[in-house]
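There are 2 protein chains.
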Amino acid sequence: MSSSFSTSPESLASSPGSTLLRVPTDNGSNKIRSLRWGILGCGRVSHDFCLAVHSAFGIRDASAPADDKTAPPVIVACASASSASSASSFASRHSIPRSYGSYSALLADPDVDVVYVGTVHRTRLRDATAVISAGKHLVLEKPFALNYEDAVAIVAKAREAGVFCMEGMWTRFFPVLRHVAENVLSDGEEGLGGIVQITSDFHFNTEDSEKYPDSPLYSFKLAGGAAMYVAPYPLHVATMLLGRTPLAISAVGRVDTGTGVDLQASVSLAYPALVPDENKKNDERPRPNVGPLASLHYGFLTESGETTSILCERGRITINGPSHCPTSVTVERKLPGRGEKETKTTNFPLPVQCGAVAEGDGETMEYFYPNSAGFAYEAAAVCRHIAAGKLEAPECPLDDTLAVMKILDEVRKQIGMDIPKEAEI
Amino acid sequence: MSSSFSTSPESLASSPGSTLLRVPTDNGSNKIRSLRWGILGCGRVSHDFCLAVHSAFGIRDASAPADDKTAPPVIVACASASSASSASSFASRHSIPRSYGSYSALLADPDVDVVYVGTVHRTRLRDATAVISAGKHLVLEKPFALNYEDAVAIVAKAREAGVFCMEGMWTRFFPVLRHVAENVLSDGEEGLGGIVQITSDFHFNTEDSEKYPDSPLYSFKLAGGAAMYVAPYPLHVATMLLGRTPLAISAVGRVDTGTGVDLQASVSLAYPALVPDENKKNDERPRPNVGPLASLHYGFLTESGETTSILCERGRITINGPSHCPTSVTVERKLPGRGEKETKTTNFPLPVQCGAVAEGDGETMEYFYPNSAGFAYEAAAVCRHIAAGKLEAPECPLDDTLAVMKILDEVRKQIGMDIPKEAEI
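From first to last, the protein sequence lines are chains A and B.
With full-length UniProt numbering, the residue at position 294 of the first sequence is 294, and numbering never jumps.
With full-length UniProt numbering, the residue at position 103 of the second sequence is 103, and numbering never jumps.
The hints are simulated quantities; they were obtained by calculation from the structure and are not laboratory data.
Just so you know, not all the hints are guaranteed correct.
To be verified - Lysine-lysine pairs mimicking BS3-like chemistry, simulated, CA-CA at most 30 angstroms apart:
1) B:157 with B:413
2) B:157 with B:421
3) A:211 with B:341
4) A:341 with B:344
5) B:344 with A:344
6) B:413 with A:413
7) B:211 with A:341
8) A:157 with A:421
9) B:421 with B:211
10) B:221 with B:413
11) A:344 with B:341
My request is simple: use the sequences and hints to build the entire structure.
What follows is the structure, encoded as structure tokens:
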């Protein structure tokens, strides 16, 4: 089976986001072997992950020595716990050399360095523990765990074992988010001042693809519900921009009386002040008792604009929809006078378009989810960090993941949702 | 002093919103005297109100018999409690025949039918009581009162006296809002289904026009604060669309440690189900334990997009900014397939542009606030309703005003703001 690629990695260098795809050498060593990935779970998200990595970096022979400049990802194995044949079919479709009918078999493969876990939610703790115990590095697709307690256990195990560990919160690796965090907000270059309020939303309409009540999205026992499927996106944005410890968490929400899963919520968060009072001109501006606020909402029952808006003292940053996998940002800098402003939109095109990879038989593979080509940003970052000997990704630290899980528990508690416990289901 | 008008009332008939400006006859009577307005308070909001009414309907002689088709508004008197000369100057600038140096003098004028109260917040209860006691109809600019208790007292007095009474929540009279309430949402013609979630925001940046801490916006004793100045807008939208009695109110906010006024809040509301369960196909869709949610935020410290978004089961209605005085609405009807939709934007141009009225000396008067020409919608509706013998405006019922005041008290309580009491300040 042969595959063709419409875009070479080199051609990406001209796009604004391309620098994030470069995988640097490890401190002058000139014989970096490519990071070799195993994939747990052969479902939709694993499909999109593999397609994105292969589209961006090509399909290469894991045993061949890499050049001395880059250590891009290479996918060497996949496993499905339910059937060897579905793993084999997935491997063939994605040009992955090996496939296994059980997770333990893949974890025993000495040629696997890092495992991407794209399995169903229900077994997050079990799967993560197995990966860490096998001494492999770990990228655990979101949600990181079913609840805060399980998340703490996973993080503790990973830190004890000394393996790289990360929640697969791919949004944080999109160039738009890096641009906002590293350029727009960092040094006040744009003159926007401190953050006053952020909003972020993510609703999608399950009617398009999920049948009620059979879909896993609606299954309490499979850890369905909006807190598991969509809430991590707006909550990670808030955590990334405003910190890990909100002073107040306040939520209302809707729980399905038929299945017991949460369907929708509106969450308000108040954060500590970002700037110490002594830096402000206290006599000229108000001195609020708390810092910035976040207004977040998410759910299953409709489709939203999916926008993240960062309102600053003297301007506004809009991460244009779909903001969970964004390709453009608009910065409006306030000028004197109500409503007066200067506007700049910056685009960060995806590295490869959907459906860019053709199968051997000439058919084009497509992504299941919007902008999944952006998985390549995350995969490249993991390669860089592991090559550099890091155990966490600075773009998505484990303490941020724990903070999000803690808020999610509190939100579910406030809206009257029973929080699933992996040990009990 | 002569005045000229760039737009005649007749020319408005061709704009989509123009029907709202027509003032019908009173059940066949053919000698309707124009409704004669008195204005309490000669500040910015009164300036904008008078300019809008005169721009849309012209300046006419109140004693002359009106024609048999319309009874448009006519402004006959204004009063300033602080100085007779400022009232006189306001009257001269606005071609208002009479002016008074005290509110009681205006209320004693037998030629005043209805009083528009555009005074400072502090004396809402006192001013409303005086108007009602004088037997005049009442339009009380928002906020209706400093707290729920005072609002209940005003409504009780008005109902007992049998006078027309209304909060001047002009947003509700804009053609965009009427179009949404009466056409888009009423009969499912657009196939949008029930409301799932609404969002509405209103932040403006006080740095442009208000000095800290001297501005009334920041004065606790003058009933400043965001709940009084900006919160009524998003809260009225939620109340209009989702009802008067949320099941849950949940808020976080920022209070100024210097002045004690509230600066900003994020409010989540959960409402009862809009559609009875028996009308739903219970086996095919989730059955949430509560109805739609609202995510609202507002404040003084930044400028927001000021958008109202109504997410429905199969589509989305965006009241484009500035949504507290909107001139356009975008309806996106969902088509099969994630992200597929049909989009329609409808514009409702303002009746008269800002600055359309020229003073006698050739200078052009300008509005203080955005889209203030839209005050004409409210004024025309009040004329229609009073001519028809109604004591409330169906577009803005008093029970809705009470509902908003009740939520505002609860929000301020939750964010730790002391609620001002008129009797004590």
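Item to complete: Return the numbers of the hints above that this structure violates; sort them in rising order.
Response: The structure breaks none of the hints.
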